[in-house]
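J.: Residue numbers (this note's numbering), protein chains in the order written: chain A, 1 to 326; chain B, 1 to 360; chain C, 1 to 335.
It should be emphasised that the hints constitute simulated quantities derived from the structure, not laboratory data.
These numbers were taken from a predicted model, which means no experiment stands behind them.
Glycine is no exception: its CB is placed at the ideal position from the N, C-alpha and C atoms.
Check before you lean on any hint, since a few could be wrong.
Said to hold, decoys possible - Which stretches of chain A does chain C cover? Using the computed rule of at least three CB atoms under 8 Å from a CB of chain C, they are:
(1) 191–200
(2) 250–264
(3) 276–283
What the hints assert, rightly or not - Pulled a few chain C residues facing chain A out of the computed Cβ check, cut under 8 Å:
(4) MET160
(5) ASP187
(6) GLN193
(7) HIS214
(8) ASP215
(9) LEU216
(10) ILE259
(11) ILE272
(12) PRO276
(13) LEU280
(14) PRO283
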Amino acid sequence: MNKDYVPNKDNLVEVSNLKQYFPIKVGMLKKVPLKAVDGVSFAIKPGETLGLVGESGCGKTTAGRSLIRLYTPTDGDVFFNGERVSEKNIGYMRKDMQMVFQDPYSSLNPRMTVEDIIGEPLDVHKMYHSKGERRDRILELMELVGLNAEHATRYAHEFSGGQRQRIGIARALATKPKFIVCDEAVSALDVSIQAQVINMFDELQKKLGVAYLFIAHDLLVVHHISDRIAVMYLGRIVEISDADELNANPIHPYTQSLLSAVPYPDPKKAKERHRIILKGDVPSPLHMPTGCAFRTRCRYATEQCAQECPQLTDRGDGHQVACWNK
Amino acid sequence: MDKLNNNMDQMPKKSPLSMQIDLQKFEKATDEEKHQQEVMSESSSFFRDGMKKLKKNPLAVGSIIVLIAIVLMIIITPHVVPYSYSQIITVDGKRDKTAANMAPLKHSDLEKEYIKDGGKVFPHLMGTDELGRDYFVRVVYGTKISLTVGIFASVLVLLIGVIYGSISGYFGGKVDMVMMRIVDIIYSLPDLLMIILLSVVLNVVLDVTKVSFLQKLGTNMISLFIVFGLLYWVSMARLVRGQILTIKENEYVLAAQVSGAKPGRIIRKHILPNCVSVIIISAALEIPSAIFTESFLSFIGLGVKSPMPSLGSLANNARAGLTTYSYKLVFPAIMIALITLAFNLLGDGLRDAFDPKLRR
Amino acid sequence: MSENILSVKDLHTSFTTDKGEVKAVNGVSFNLDKGKILGIVGESGSGKSVTAYSIMQILESNGRISSGEVLYKGEDITKYSEKQMHQFRGKCCSIIFQDPMTSLNPVFTVGNQLREAIELHTSRRGKDAEGRAVEMLEMVGVNEPRKRIKQYPFELSGGMRQRVMIAMALACEPDILIADEPTTALDVTIQAQILELMQELQKKMGMAIIMVTHDLGVIADMCDEIIVMYGGRVCERGTADDIFYRPCHEYTKGLLNSIPDVKKIGEKLKPIPGTPINLLNMPKGCAFCPRCESAMKICLDEQPPEMQVPDGHYASCWLNVKKAKEAEKGAVQHE
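Starting from the given sequences, assemble the full structure and let the hints guide the process.
T.: The structure is reproduced here in structure tokens:
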């Protein structure tokens, strides 16, 4: 933790060198830290969307949850609105930082009505003076996400996946947050429903000025919704830049192969495309390679890659890459 | 559009689409027409859904009927039958020695004389016991005692087990580890031995003559309750803890944490309500177990103090005259079997209806 | 002219549940030629997986084929006895499933499971079968096959397990391989590896593949022919070019519009309104009608017939019927 770190006043959310380690038992008495997030830094401006992509095990979900303090970070600084986030002030900060979860089936309490689910943040922060006020606010939220007012007294299990996600989003919006972490919020939905929900995210951002950290593994979706994108691999960010720029000009070898692996819904393009197939599998985070974590699968790996871990360097226009060779 | 309508009869016969389709049908459908088909089914909470399922299960419904009948019997009998459980049969105020060990629905010699003289004698539906007490009343009272003991013991187990299990399960870590080791130790203690020892100690130590109800119950029953409270809650605690560990993993618990809810609220509103079905099922299955334990203790002579009957003690007393007066064992045994079976089937039925894992 | 190896005719499959009869498949017909890759595309509830399971007859106990035929090389396999089906499965047609975690038995080694498949359908035994297992693992690109044979599934990564599944499925050189969402549970880079592997193996071994998935990208990449399913019915079928460049069904068009496209970043997506169909309560007419923007009155009442919109490309939509009629009207009036 760097006590002297001064955050940039323009940024709504600023994260510096965030680390999240989980002690894992190896053998009877030995404990080894699982480095889920190993030094991640990024910033999000008000009303902006930062996309966080990577494959499973890269630590993107953990990063999101650390940021919002569902886990206590092992190290690093998190700032919200210029103020350092700690155990003391997280209580009232929770009003401004919310989260939408991936699984529409387990993110809603099956024993609560829609009204109570959406109203919970209001209840916790005591944001109303009368029952009527609470009801009005809940109905307002339901309309905002496109749910029928008459569904307020129904139970979560009576709705489809897409509708449940909407309920989850309404719940996240209850306290008028300035920042929402969307943890794979559309990954579990059918394609046609996904499109509806993505549009809704866009509209809400335009209407309410909410900033998003959009965590996902589907590159097409992330590209569509994000202003900037950060690519993670084994707990570190390897590349971060403007969304269009990243798609047009990926520099890091991992980003290049990731983009080339995305299947395109276009037969002609699919045949023309040159795929960069990575050899081997992702190493276990318990046995991370020394130096650059990607070197075991990288075509350009050199001696230096094994010895030192590259840091993010600016290649111009805010396009940052962590690589010795490119 | 009109042109098409007018030219309808000019359709060439060679058309492969020569089904007589009304061209008006090719107009655009309105939104209402489309949505007519979308009817959301009736709203039902988890509880109502479960009750519906339960009603469809014939064994469960049968068990409920049996249990209600037993309870009614317990309530109505004292008002209908003029004998009390400890009352030795008297005819005209005189003790009737011939009224001992009668078979069901028989009258003693003295009673027969009484009837001939014009008196009314309520029939002995299950005969009498060796001391001349009406057996039916004793069986009914014994059922009441056994049922009460069973339910109270079960509630005790439920309260202690749920509280212990939820604390252990929610907080996890060291708290959980310590609490579960205590549970392990308790599990290994011999329950029957403890009950016997405790009742002997209580007999010496406790002066029960002061409280009449306790005196009636006897030190054996008190020690039974104490031991139940000390030992039998562990399986419920383990069950509740396991449930909580699973529920904790659900994202709605995380969502509540993100919303800023404190642990107390989370346990109250999110975790416990989702455990309730499991707890109730377990409690329902706990009752026959408690009744059986009590019956067993009574059977070996450690049960309620005479003259208070319990199904187990009645069965025990019946052992002596088993070959000649077999009915004295049959009636309490049937009652024990009925109650145990009814609660077991009800518990099973509840599990089928309410257990979320079994839902299709 | 390619040889037709599998022909599904008007298949109907339903499940009995306590909420009623769920009609998962309602009249699906398609043909599969030798050595071709057919894609079945649809969202959840479209009936695509159930169709595949119906062919292999591995439906759950409450499901059954209520009518229709599945002709394998001319013979109707729906009429096969259990014994005949045992012969069919694995030898003539095999299947790989979506989740490699749960498709392999965790208590047996990889080698053991491979050997089981080999010993069931070929005459190889013991060391011979083991040799073949090692061969198969090499073919699917598993490194150090002799070591892997002795390992348990949990020691392998997701991609590796899926390769083992493929090896198991291909051990007996079946004519048809059914792949039920084989890459959905895998990361994008591993998915690319597996798809490339499947294409290589297909060229080498010449089997036909039925690829069931919801991912249009995967379909575009792999498949020669495609059928699009919704609500248990086939909406459209044709070649990959037909479906992607000349869609003739509103659902297909809607699906294509729902995918974010690199070229149209910044534009709003045009999603299909409404929610997916409830299979307990199927509409009288076209299954897609409630969500279709161009629905007509006839769509409410009658199911659209399958019509050829030229040359091997078929679609079931009343709009095509309307267009055809109008074209004919135009032709008649000009005469």
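J.: Name the hints, by number, that the structure is in violation of.
T.: Violated hints: 13, 14; rest satisfied.
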